[in-house]
Amino acid sequence: MKNKVNSLGKFWNKPNHAAYLFMLPSILILLIFIVLPLVGTFALSFTDVNLFFTNTKFVGLENFLRFFQDERAINALINTLQFTLLETPAQIILGITTAFLLKRNTRFNRLTRSVYYMPVVISFTVAGIIWAMILDPNIGAVPYFLFKLGLPIPQFFRDPNMAMPLVAALTVWKNFGVSLTISLTAIQSIPDSLYEAAEIDGATKAQEFFHITIPQIIPTIGFLAITNLIGSMQVFDQIYITTSGGPQYATESAVMYIYSRGFSSPYELGYASALSAVLFVIIAIITTITTIITFRQEKKMS
Amino acid sequence: MNKDTLAIEKKKKNYKNNKFKFGRIIYYFFVVLLLFLILFPFVWLVISSFKFEKDIISWPPKLFAENYTLDNYIKVFNQIPMWSYIKNTVIFAGGVTIISVFLDSLAGYALSRMEFRGKNILYYGVLLTMMIPFQVYMIPLFLEISGMGLIDTYTGLILPRTTSAFGIFMMRSFFINLPKDLEEAARIDGLNEFQIFYKIMLPLIKPAMLSLGMFTLMNSWNDLLYPLMLTTTSDMRTLPAGLALFTGQHISFYGPVMAGAVVAMLPLLVLYVFLQKYFVQGTATAGLKG
Chain D
1 MKNKVNSLGK FWNKPNHAAY LFMLPSILIL LIFIVLPLVG TFALSFTDVN
51 LFFTNTKFVG LENFLRFFQD ERAINALINT LQFTLLETPA QIILGITTAF
101 LLKRNTRFNR LTRSVYYMPV VISFTVAGII WAMILDPNIG AVPYFLFKLG
151 LPIPQFFRDP NMAMPLVAAL TVWKNFGVSL TISLTAIQSI PDSLYEAAEI
201 DGATKAQEFF HITIPQIIPT IGFLAITNLI GSMQVFDQIY ITTSGGPQYA
251 TESAVMYIYS RGFSSPYELG YASALSAVLF VIIAIITTIT TIITFRQEKK
301 MS
Chain X
1 MNKDTLAIEK KKKNYKNNKF KFGRIIYYFF VVLLLFLILF PFVWLVISSF
51 KFEKDIISWP PKLFAENYTL DNYIKVFNQI PMWSYIKNTV IFAGGVTIIS
101 VFLDSLAGYA LSRMEFRGKN ILYYGVLLTM MIPFQVYMIP LFLEISGMGL
151 IDTYTGLILP RTTSAFGIFM MRSFFINLPK DLEEAARIDG LNEFQIFYKI
201 MLPLIKPAML SLGMFTLMNS WNDLLYPLML TTTSDMRTLP AGLALFTGQH
251 ISFYGPVMAG AVVAMLPLLV LYVFLQKYFV QGTATAGLKG
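These protein sequence lines map, in sequence, to chains D and X. Mapped onto UniProt numbering, the consecutive letters of the first sequence carry residue numbers 1 to 302. Mapped onto UniProt numbering, the consecutive letters of the second sequence carry residue numbers 1 to 290.
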């Protein structure tokens with residue numbers, strides 16, 4: 001018996017066997033809580049399952065056909081795209097610009113960078129509460145500032161035309177520290193000799209930025225674009241807290257709509273899954289296109 | 001002629017200096033304006049959370065009031081189960097962080113320093129799961145957790161988050177850079193594979209574990225949709241979820257909502273002040289591929 005235990009121990013103590021034991025917990029969790037549910041999304045999307053399992057019929061493509069007729073779903077997708085097109089470029093541009101301006105490790109720059117990162121550390125719930133108050137048309141600081149300038153006071157989050165751009169601005173405010181941090185690493189690894197050569201030729205800072213910095217960090221910009229696009233397409237928290245999709249569905253995002261379809265009456269999980277599947281396909285397409293563009297740019301630059 | 005060139009040189013220098021100064025002014029203006037835009041909302045929130053309701057809703061709005069009070073804090077703790085929210089958030093975010101840093105290290109270690117069959121397949125498999133957004137599979141995940149009877153439990157909240165593809169890759173990239181012959185020496189000393197990992201390797205990558213830890217803690221602490229979906233009773237909510245629901249009902253009473261927001265953000269901000277390097281490093285390594 002002891003021999004058996006010993007030889008078993010020996011078997012698993014070989015690095016090429018022990019590796020499986022080391023990987024096992026993570027692989028199991030990823031399989032059970034990501035891969036399996038993802039398969040589940042596609043499986044459920046062909047059914048009319050609801051939260052209480054009173055319906056469990058296979059309905060074929062019905063959910064997908066319904067999606068094309070569902071104005072609220074199409075509207076949610078358009079809103080999501082609008083948010084993405086506003087938020088992603090703004091966050092990347094602000095992140096790269098601030099990283100370029102603060103790239104030297106002086107004491108002031110370091111302190112500034114850590115302040116810029118502060119909003120990343122708080123939740124969208126808190127960020128949303130702060131900005132809802134500062135932009136409150138009746139008591140907010142920003143409306144008062146506009147009032148002092150003699151400008152009209154808008155309704156901010158309650159104005160259907162302004163709400164989505166504001167949600168995007170709030171997101172940039174909270175998250176550009178991430179883009180700043182990621183592009184800073186890339187910008188700081190550009191050799192000084194490139195800038196020195198440009199300075200001897202009399203290049204301005206702007207020329208340095210566009211002709212040295214940007215081309216050198218194309219892979220990082222690509223990475224930022226992809227992660228930001230994926231993130232933006234899933235926007236939920238900041239909308240839930242500031243407008244909960246209103247006014248008149250003007251800010252309802254795809255994930256918000258999926259959530260309210262699935263988790264509020266009539267709890268149509270099958271249809272919500274079909275919407276999730278559509279969202280997944282759209283995100284996959286956008287990711288692929290962005291990857292290809294980044295790849296081409298990288299080739300062109302090298 | 002010599003004089004002329006000198007003059008031209010001087011002119012050039014002057015021109016450059018002027019331009020330089022102009023650039024400096026724009027630089028400082030922009031940087032300081034952004035500093036203000038970041039800091040002002042925080043300052044406004046914290047000061048307002050100590051104001052009486054009448055001062056909060058005064059027009060014109062004022063940053064400072066004549067009197068301050070703890071009323072809002074007392075109210076928010078009385079009106080919603082803040083202590084439960086705090087406890088739940090600490091258990092959820094803390095549990096996820098501790099377990100996932102450990103499991104991610106295990107898997108990252110195997111993927112970086114061990115040779116085994118199927119390694120590449122596992123490597124790319126893990127990489128692929130990183131591309132799948134949570135929102136896309138949240139409904140079946142919810143059904144799974146409720147099928148296991150784990151809705152409104154800590155296990156149900158923590159378990160699905162106890163490993164992350166990102167964490168595995170981050171730990172892998174740190175293990176790969178450790179000196180090559182560490183294991184051999186330890187094996188000769190008679191340590192088994194787990195002891196090598198636990199006693200030799202883990203202590204060497206403590207900074208990386210701390211970075212991943214802060215990154216995971218921050219994401220879990222601030223997460224909204226995930227805990228919102230997996231909890232149904234008020235007593236099981238985390239701070240962001242509980243506050244979000246409270247805000248939905250009471251947005252007209254800013255005082256208690258703001259006090260709640262300060263309580264929710266303070267622990268992480270304090271940690272950030274002391275462990276800033278590790279917070280930022282988690283994000284920075286996210287940008288390094290593979």
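It is worth saying that the hints were derived from the structure and are not from the lab. Mixed in with the good hints there might be a few duds.
Unchecked claim - Straight line, CA to CA, 30 Å or less: simulated DSSO-like cross-link-like pairs of lysine-lysine:
| no. | chain 1 | residue 1 | chain 2 | residue 2 |
| --- | --- | --- | --- | --- |
| 1 | X | 180 | X | 206 |
| 2 | D | 148 | X | 62 |
| 3 | X | 54 | D | 148 |
| 4 | D | 14 | X | 199 |
| 5 | X | 277 | D | 205 |
| 6 | X | 54 | X | 75 |
| 7 | X | 87 | X | 277 |
| 8 | D | 103 | X | 21 |
| 9 | D | 205 | D | 299 |
| 10 | X | 199 | D | 10 |
| 11 | X | 199 | X | 180 |
| 12 | D | 10 | D | 299 |
| 13 | X | 21 | D | 10 |
| 14 | D | 10 | X | 119 |
| 15 | X | 87 | X | 75 |
| 16 | X | 199 | X | 277 |
| 17 | D | 103 | D | 205 |
| 18 | D | 300 | D | 205 |
| 19 | X | 21 | D | 205 |
| 20 | X | 119 | X | 180 |
| 21 | D | 14 | X | 277 |
| 22 | D | 300 | D | 103 |
| 23 | D | 14 | X | 180 |
| 24 | X | 119 | X | 206 |
| 25 | X | 277 | X | 206 |
| 26 | X | 277 | D | 103 |
| 27 | X | 75 | X | 62 |
| 28 | X | 119 | X | 199 |
| 29 | X | 75 | D | 10 |
| 30 | D | 14 | X | 62 |
| 31 | X | 206 | X | 87 |
| 32 | X | 62 | X | 180 |
| 33 | D | 103 | X | 206 |
Treat the numbers as computed from the prediction; the structure is a model and nothing was measured.
Quick one, are residue 62 of chain X and residue 180 of chain X close enough, alpha carbons at most 30 Å? violated (62 Å)
Between residue 103 of chain D and residue 21 of chain X, does the CA-CA distance stay at or below 30 Å? It holds: about 18 Å lies between the C-alpha atoms, which stays within 30 Å.
Next pair to validate is residue 10 of chain D with residue 119 of chain X; report whether the Cα-Cα distance is within 30 Å. holds (21 Å)
Would the pair residue 277 of chain X and residue 206 of chain X pass a check requiring their Cα atoms to be no farther apart than 30 Å? Given that 30 Å is the threshold and the Cα spacing comes to 13 Å, the pair holds.
Would the pair residue 103 of chain D and residue 206 of chain X pass a check requiring their Cα atoms to be no farther apart than 30 Å? holds (27 Å)
Under the criterion that the straight-line Cα-Cα distance not exceed 30 Å, is the pair residue 119 of chain X, residue 180 of chain X satisfied? Given pair residue 119 of chain X, residue 180 of chain X holds - Cα atoms ~19 Å apart, limit 30 Å.
Restraint status (C-alpha distance of residue 54 of chain X to residue 75 of chain X at most 30 Å): holds (15 Å)
Please work out if residue 300 of chain D and residue 205 of chain D have their alpha carbons no farther apart than 30 Å. Holds - the C-alpha atoms of residue 205 of chain D and residue 300 of chain D are around 23 Å apart, at most 30 Å.
Satisfaction of hint between residue 62 of chain X and residue 148 of chain D, Cα-Cα up to 30 Å: holds (13 Å)
Would the pair residue 87 of chain X and residue 277 of chain X pass a check requiring their Cα atoms to be no farther apart than 30 Å? Cα-Cα ~27 Å, so holds.
Starting from residue 14 of chain D, check that the Cα of residue 199 of chain X is at most 30 Å away, please. The hint holds at about 17 Å.
Are residue 87 of chain X and residue 75 of chain X close enough, with their CA atoms no more than 30 Å apart? The given pair, whose Cα atoms are some 18 Å apart, holds under the 30 Å limit.
Comparing the model with each earlier hint shows violations of hints 12, 13, 21, 29, 30, 32; every other hint is respected.
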